[in-house]
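Number of protein chains: 2
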Amino acid sequence: MRAVILAAGEGQRLRKDIKREKPLINLLGLSLIERNILSLRECGIEDFVIITGCYKKEIEDYLGDGSKYKVHITYLHNPDWKLGNGVSAAAFRKEYRKNEKFILTMADHIFNVEALKSFVHAAASISHDNVLLAADKRLTKVWDVEESTKIESEGNTALKLGKTLKDYDAVDCGVFLGTEVLLNALEEAISKENYNLTDGVNILASQGRVKLHFIKEDWIDVDDLAGYHQAEKILLKSLLPAKDGLISRIINRKLSLPITKMLSKTSITPNQVTLVSLFVALASAISFVLHQPFLGGILAQLSSVLDGVDGEIARLKFQKSNYGGLFDAILDRYADFLIVIGMAWLWFSEGESLTVFFVSAAALTGLPMSMLIKEKYHTVTGKVYIPWHYDGLLKYLPTNRDGRLFIIMLGGILNLVPATLILLAVTTHLQAWGRLINLRKMI
Amino acid sequence: MRAVILAAGEGQRLRKDIKREKPLINLLGLSLIERNILSLRECGIEDFVIITGCYKKEIEDYLGDGSKYKVHITYLHNPDWKLGNGVSAAAFRKEYRKNEKFILTMADHIFNVEALKSFVHAAASISHDNVLLAADKRLTKVWDVEESTKIESEGNTALKLGKTLKDYDAVDCGVFLGTEVLLNALEEAISKENYNLTDGVNILASQGRVKLHFIKEDWIDVDDLAGYHQAEKILLKSLLPAKDGLISRIINRKLSLPITKMLSKTSITPNQVTLVSLFVALASAISFVLHQPFLGGILAQLSSVLDGVDGEIARLKFQKSNYGGLFDAILDRYADFLIVIGMAWLWFSEGESLTVFFVSAAALTGLPMSMLIKEKYHTVTGKVYIPWHYDGLLKYLPTNRDGRLFIIMLGGILNLVPATLILLAVTTHLQAWGRLINLRKMI
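The listed protein sequences correspond, in order, to chains A and B. Note that the numbering used here numbers the first sequence so that position 87 is 87, with each residue one more than the last. Note that the numbering used here numbers the second sequence so that position 50 is 1050, with each residue one more than the last.
Isolated chain A, as found in the complex:
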């Protein structure tokens, strides 16, 4: 399936505050139109037709043929873009292939990728004489309802659309599954000098041909500076994983998201952040060796925070990779090892003894156990290990990485290095053997 992106307008309202061609305005490291392309690529779409108008040359120069995004881009220019976005959408007729279904969206709308995925999934079952429109019924959650195109609907069918509609129960999110009937309707509207996309869509709505897909994730039409900042918030919020450790949720993410926001504007890659996180762990280890447990603890926690940033940047800028996942996981183990070796050395230098030796060895060997069991479980069963499902009471042990490093921070700040090492040794191995016993009956 191809996607048509309308990028013809001037975007006057936002231009007052940000002096840049609107589709090319940078939002957390990617221009608005780049983000749309990469979001749709995540949904499996690799062929794009971009309708330009006001900023023809700038957009073409910026995006090129799409190869740098691993997609294919064709451009169509609409010289009459000032008339209205219906004329721009109708320009796609020139490229339209018989019986083709296409995604139609706007360069300046931003979606949580999951919203687009569910829309593209739903689009597959739409017949050739209907169109599908993404709509939002959660009116209190819609940004700037006043400026939105409203919809009066009945079930999953739109009855009427319009900016000034009084009786409405949903809002148009600006992404369509188009078929030939949409192009026909646009041409009919244009022939009557009605130049907006909504005019064409209304002709189909009056025939009961506009089906609605209600989305449940965040989206926004970026129209002005306030909308731009709201779009940043929406995107940053979308980076939070569905399941996250307790410390991650209540501490780390609150710090990692602002760092991610800052770094997103630079060309720093996720793998570079992963490396920096390792160096911070090394600095933590050295601090412990130099008998600076307070600093060591703080740096350990900082390393833990940065451990979230690499993944956030990767998701935000569509830079996720298999290698990145592996590199992060292995360097996390090295970071853990370095910090615990530093702590062990601190204790060891205060009085060498058998106890220090064995506790340190136990703490060090306990560190990789959680990952070893989870990964092996995955490879033998083909399923992801879900701690809150399999761990029973063990799930309350602070043995996730965020929990472990938080305990190390506390141990450093409170100058309780030996106790921290004992706690790490006990909890990590307790969890490992607990899991071995639990899994016996479960796999």
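Worth double-checking, as some hints may not be accurate.
[What the hints assert, rightly or not] Some chain B residues near chain A, calculated using beta-carbon distances under 8 angstroms: (1) Ala-1329; (2) Phe-1337; (3) Ile-1341; (4) Trp-1345; (5) Phe-1357; (6) Pro-1368; (7) Leu-1372.
Calculated directly from the structure, the hints in this document are not laboratory data. By construction, the Cβ of each residue, glycine as well, lies at the ideal position given by its N, Cα and C atoms.
Chain A is fixed; fit chain B onto it per the hints.
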């Protein structure tokens, strides 16, 4: 698909040496007929019809309804079993379902499971008016050709079968894909007082209906004591993995197979062997702590040998499980840790120093790295990590478990514990970082 197993005969020749009903004779921990059932279960067959004769009651009592093997067994008794095995095979008519294709095999034939898998796979494409017969063209490899049923073939079709055939180019392996035409042919032969399976098959061969599937793996018709011992050899050989570490191949397997042979006759489970292997590693660690490096080294190598036995028993007795794979992998890590902690303690007690501390920590943290990277690679890419494919020159490092423990044995025997720890520390981390660099371009 159902399987019919002929278990009606008396088995006089083997009975001279082993006083047990032939199908129930124990071969490396499983009776001959049990092994056939479990081998076929590995090929996806869960429904069995067993034709009894001489030992009706004994076989039924022994196997029951099959639930202990997670299959379903039905019995048919052939009171005229003395007439010949064609009568026993024809007895299946009573149970035969219209248009059914079935596997027909003999209780006293033993196959490498891969041979059965390839046969069952090939059987799927046989039409209802033909039969398929497993045959072996590697005449020099066939056990006791003289006693075998010979085949004269042309391409994939048998022209004639018989024990006394002069012009033959293959041997009947004793597993068929039967269709209704086989039962018809057997009945025709019996009506002419020809009571052997070969008589019926020959009628079909004369019509060009006997297709041949040439097998390339080991099999044997267990007929006498020499054949019984040959069957043991074949099964033990089948336990060797396709890819094995160098030390495993030239040392460990030579010791583990005899241990497996011995233990197969007991009820010791693979997981119990895994635990014993861990305890031997603990004994090795204690030996090092007690300044007995020679003994520590030998015990480490013994633990490595036992690490092969659990898998061998599991494969030999069809006791492989997801849990077993996970349990073994995690306990191996614990065994590694224990032994290296023991060695580190030995060195540490000879002179506590910063060097000992850091080398020990480096060795200890290097141990899980190989597994961590391999498992993570598997979970992120969905593919198994193949060291000889990805490791480049790193593959020559003795960082597989068999290599590591062999080095520990040498280090113990030669009383070179510090050098061994340094070598472990360097090679394990060198491999880990080498892999991280190599994989960067490969995934």
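For the hint on Phe-1357 (chain B), does the least C-beta distance to chain A fall short of 8 angstroms? 6 angstroms, holds
Just to be careful: measuring from the Cβ of Leu-1372 (chain B) to every Cβ in chain A, is the smallest value less than 8 angstroms? With a minimum Cβ separation of about 6 angstroms from chain A (threshold 8 angstroms), the hint on Leu-1372 (chain B) holds.
With a cut-off of 8 angstroms on the beta carbons, see whether Phe-1337 (chain B) makes it to chain A. 4 angstroms, holds
Hey, does the Ile-1341 (chain B) contact hint survive, CB to chain A under 8 angstroms? This hint holds: Ile-1341 (chain B) lies near chain A, its Cβ roughly 5 angstroms from the closest one there, short of 8 angstroms.
Verify the interface restraint on Trp-1345 (chain B): the C-beta must sit less than 8 angstroms from at least one C-beta of chain A. OK, holds: Trp-1345 (chain B) within 8 angstroms of chain A, min 7 angstroms.
May I ask you to test the interface hint for Ala-1329 (chain B) with respect to chain A, counting a Cβ-Cβ separation under 8 angstroms as satisfied? With Cβ-Cβ at 5 angstroms, under 8 angstroms, it holds.
Does the closest beta carbon of chain A sit nearer than 8 angstroms to the beta carbon of Pro-1368 (chain B)? This interface hint holds because 5 angstroms falls under the 8 angstroms limit.
No hint from the list above goes unmet by this structure.
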